[in-house]
Each structure stands twice: as C-alpha cells, then as structure tokens.
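Colleague: Listed below, chain by chain, are the residues.
Protein chains: 2
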Amino acid sequence: MKRAVVLLSGGLDSATALYWARGRGYEAVALSAHYGQRHARELRAARAVARRAGAEFVRLGLRLPWLGSSSLVDRSRSLPDIPARRIGKGRIPSTYVPGRNAVFLSLAISLADAKGAEAVVIGSNAQDFSGYPDCRPEFIAAFAKAAHLGTRRGAEGKRLSVLAPLQRLDKAGIVRLALRLGVPLELTWSCYAGGRRPCGRCDSCKLRARGFAAAHAADPALR
Amino acid sequence: MKRAVVLLSGGLDSATALYWARGRGYEAVALSAHYGQRHARELRAARAVARRAGAEFVRLGLRLPWLGSSSLVDRSRSLPDIPARRIGKGRIPSTYVPGRNAVFLSLAISLADAKGAEAVVIGSNAQDFSGYPDCRPEFIAAFAKAAHLGTRRGAEGKRLSVLAPLQRLDKAGIVRLALRLGVPLELTWSCYAGGRRPCGRCDSCKLRARGFAAAHAADPALR
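Read top to bottom, the protein sequences are chains A and B. Counting in the working numbering, the first sequence runs from 742 upward without gaps. Counting in the working numbering, the second sequence runs from 742 upward without gaps.
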C-alpha cells in the first residue's frame with residue numbers, strides 16, 4: 742500500500758488534507774508538533790482526528806527558543822483582531838511563525854524517507870498564502886523540488902512528492918470538500934487563542950466562520 | 742553588521758564554514774543539534790569552536806524517533822569500514838540520516854528569519870555529495886530558492902541566502918582553506934564513532950585523514 746506523511750495541526754485544513762490522502766488510497770502517518778503555540782490544545786484535536794481516520798499519529802516536541810518572535814507563541818502579546826475581509830491583505834501578520842512550514846515539511850520528508858513513504862501532504866491553501874509566505878504555492882513547489890533531490894528516494898530514482906491538495910481552494914471550498922470526504926469537523930480545532938471554546942475573534946476563527954457561512958453549513962465544532 | 746546562521750556540527754567542514762563566514766564579515770550565530778547521533782561528543786567540539794570564533798551558540802535537542810534507521814544513530818549497528826577510495830562510490834551509506842540537511846537548513850532559516858539574518862551557511866561539499874543526497878549542490882540550490890520564497894525576508898523583498906562555500910572543494914581543499922583561515926582544527930571532531938579518540942576506521946576519519954595527507958599537513962586533533 743502506498744504511504745504518505747500528512748502534516749496534521751488538528752485544524753480544518755490539515756484534517757481535510759488527511760482525509761483527502763486517505764481517499765486517494767494512501768496509508769497515512771499523521772505528523773504533529775508542539776512548538777510552543779498558545780493553542781497547543783490543537784494537538785489533542787490532531788490526535789483525535791488521526792485516531793478517527795485510522796492513521797498512525799506521531800507527535801513531536803520542538804524547543805525552538807527564537808519562535809517567541811511570533812504572537813502565536815508569545816502569550817504576552819495580543820492576537821490580531823481585524824475585520825475578516827482585511828485578513829491576509831497587506832503585511833505579514835504577527836502570528837507568522839518564522840519558517841514554520843519549511844521546518845514541518847522537512848521533518849515530514851525526513852520521516853517519509855525513513856519509512857519509504859512516497860508523499861508528504863500539507864493543507865496549505867489560497868486563504869493562507871495571502872498572509873504567510875510559507876504557504877505560497879511557489880514556496881511549496883520549490884520545497885518539493887528540494888525534497889525530491891535531497892532524499893534517498895529521490896537519489897534512488899523513486900519519487901518523493903510534496904502534495905498540497907487544498908492549494909487553490911478558499912475556506913468555503915475546503916469546508917465543502919471536508920463535508921464530502923466525511924471529515925469529523927467536530928473534532929477539529931482552529932482557534933489561535935486556545936481557550937476552552939473558540940474565541941471567534943482571531944484570524945483563524947473568522948476565516949473558518951466565513952468559510953462555513955459561504956458553504957451554507959453549520960460548524961459542528963461550535964455546537 | 743550583517744548576520745549569518747551557520748550550521749555547526751563541530752567537524753572540520755562546518756568549523757571551516759564558520760570561519761569563512763566570519764572572514765566575510767558576518768556576525769555568526771552557530772546552530773547545532775543533538776538528534777541522537779552516536780558521536781554526540783561532536784557537540785562539545787561545536788561549542789568550543791563557536792566560543793573560539795566569538796559566535797553565539799544555539800544548541801537544539803531534537804527527538805525524531807524514526808532516525809534509528811541510520812547507523813549513525815542506531816548504536817546496535819556497525820559503522821561502515823571500507824577503503825577510503827571507495828567511500829561515496831555506489832550506494833548511499835548506512836550512516837545517511839534521512840533528510841538531515843533539509844531539517845537542519847529549515848531550522849537555520851527559521852532562526853535566520855526570526856533574527857533578521859541575511860544568510861544561512863552550510864559546510865556541505867564535494868566529498869560528501871557523492872554519498873549523501875542531501876549534500877548535492879542541486880539540493881542546496883533548490884532549498885535556497887524555497888528558503889527565499891518561504892520567509893518574511895523574502896516576502897519583504899530582502900534576501901535570505903543559503904551559502905555553501907565549500908561546495909566545490911574536496912577534503913584537501915577544505916584543510917588548506919581551514920589552515921588559511923586559522924580554524925582551530927585541534928578543537929574539531931569528525932569521528933562517527935564518538936569514542937575518546939578518533940577511531941580511524943569510519944568514513945569520516947578516513948576522509949579527514951586523506952584530506953590532511955593530500956594537503957601535506959598534520960591533523961592537530963590527533964596529537
């Protein structure tokens with residue numbers, strides 16, 4: 742059976758990417774990481790989603806002291822609270838975690854190369870790349886080329902692909918795809934604040950709400 | 742002052758890369774990682790070299806359970822012991838650590854992006870890339886492109902470069918460059934076995950010895 746390593750944060754996008762991979766016939770290994778994010782509770786969601794999907798779950802603990810430059814890690818800073826239509830326009834948000842997707846993708850290709858998996862799957866998408874540079878399709882494409890060249894699989898003439906199946910979807914499109922794939926959306930967690938309930942004010946909550954609204958669906962995580 | 746993050750394992754190549762960066766006027770931050778390598782003693786060498794160079798030293802502890810597939814991590818396996826002229830010819834050696842340079846480079850660009858550094862420096866070179874896919878110039882070039890595209894610096898129109906100044910040198914060339922730059926070679930550690938003294942039998946010891954011999958120099962680490 743073909744195998745894929747799926748980066749799983751526990752949010753809407755990565756859970757959908759996991760179910761997409763499953764639907765494509767991949768035996769999935771879900772990879773999550775604690776890196777000091779204030780919403781570390783997303784890792785509980787990731788574990789629950791992986792279990793539901795029948796995927797192996799690998800959770801890493803990363804201590805990267807310099808990530809305190811991000812408001813997603815430094816709890817003493819406030820999270821952005823701006824109108825949904827302005828999210829991703831203009832400057833890189835303070836929630837940007839330097840090089841996060843490069844680090845996550847590298848860990849995933851390392852795991853994939855060790856396990857002989859033929860693909861790495863990431864849930865980055867159109868909605869994010871307007872704000873975070875490491876979600877841009879150009880970055881993913883350049884990284885994919887590097888991944889193929891710098892691994893045993895690539896050197897042995899096999900393929901190690903980096904797949905970003907949500908790349909051209911907006912949040913409404915992702916919600917529709919998730920519903921079609923039967924993603925257990927009630928288990929997912931997107932809120933950056935990481936409280937008991939989604940805050941409704943952070944960028945991630947607003948984009949998610951807008952996605953469900955545009956897809957004419959109710960968010961089962963808010964019940 | 743311009744800044745660079747230098748990947749520093751504590752061996753001959755990375756120590757030379759650090760002094761090269763210093764010579765080019767970079768204020769260097771040295772980045773090392775413990776990833777379960779059997780020669781974790783190289784990290785003591787890295788710290789000593791960084792201190793001598795006046796560089797900030799950042800040491801990470803990575804727990805990547807799948808790296809046991811490498812004989813450089815799994816102590817129950819034996820290290821290759823083959824004639825020096827055959828090293829790097831043919832198959833990828835068992836000491837290959839899956840995706841190691843991708844992971845290290847990603848951590849370095851993350852640190853560089855957080856600190857506003859304009860370059861990441863790696864000591865990979867001609868001698869290694871014959872064996873390890875993640876030392877090949879094509880990999881480094883593809884990764885460099887991804888690093889520029891996926892970081893704040895790149896997105897803001899500044900440059901984040903990945904430099905591999907030893908790329909076209911063989912070990913003798915590196916020894917000559919190290920001597921010219923005043924690298925404290927007596928502090929460096931290359932042996933994979935990680936005992937009290939270099940074993941003289943592993944690939945790394947043999948390549949180092951061959952480099953010093955070809956450069957008509959004595960290895961001060963063997964005194």
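Don't read these hints as lab results, they were simulated from the structure. Check the hints yourself; a few may be wrong.
As the list makes no split between identical chains, a pair holds if one copy fits it or if it spans any two.
To be verified - Quick list of in silico lysine-lysine cross-link-like pairs, DSS-like style, CA-CA up to 27 Å: (1) 743 x 830; (2) 856 x 899; (3) 886 x 899; (4) 856 x 743; (5) 856 x 830.
Colleague: Compare the structure with each hint and give your call.
Modeller: The hints, checked one at a time:
1. 743 x 830: neither (39 Å within a copy, 30 Å between copies)
2. 856 x 899: within (14 Å within a copy, 37 Å between copies)
3. 886 x 899: both (13 Å within a copy, 23 Å between copies)
4. 856 x 743: Within one copy only: 11 Å inside a chain, 40 Å across chains, cut-off 27 Å.
5. 856 x 830: So residue 856 and residue 830 pass the 27 Å test across copies only (24 Å; inside, 39 Å).
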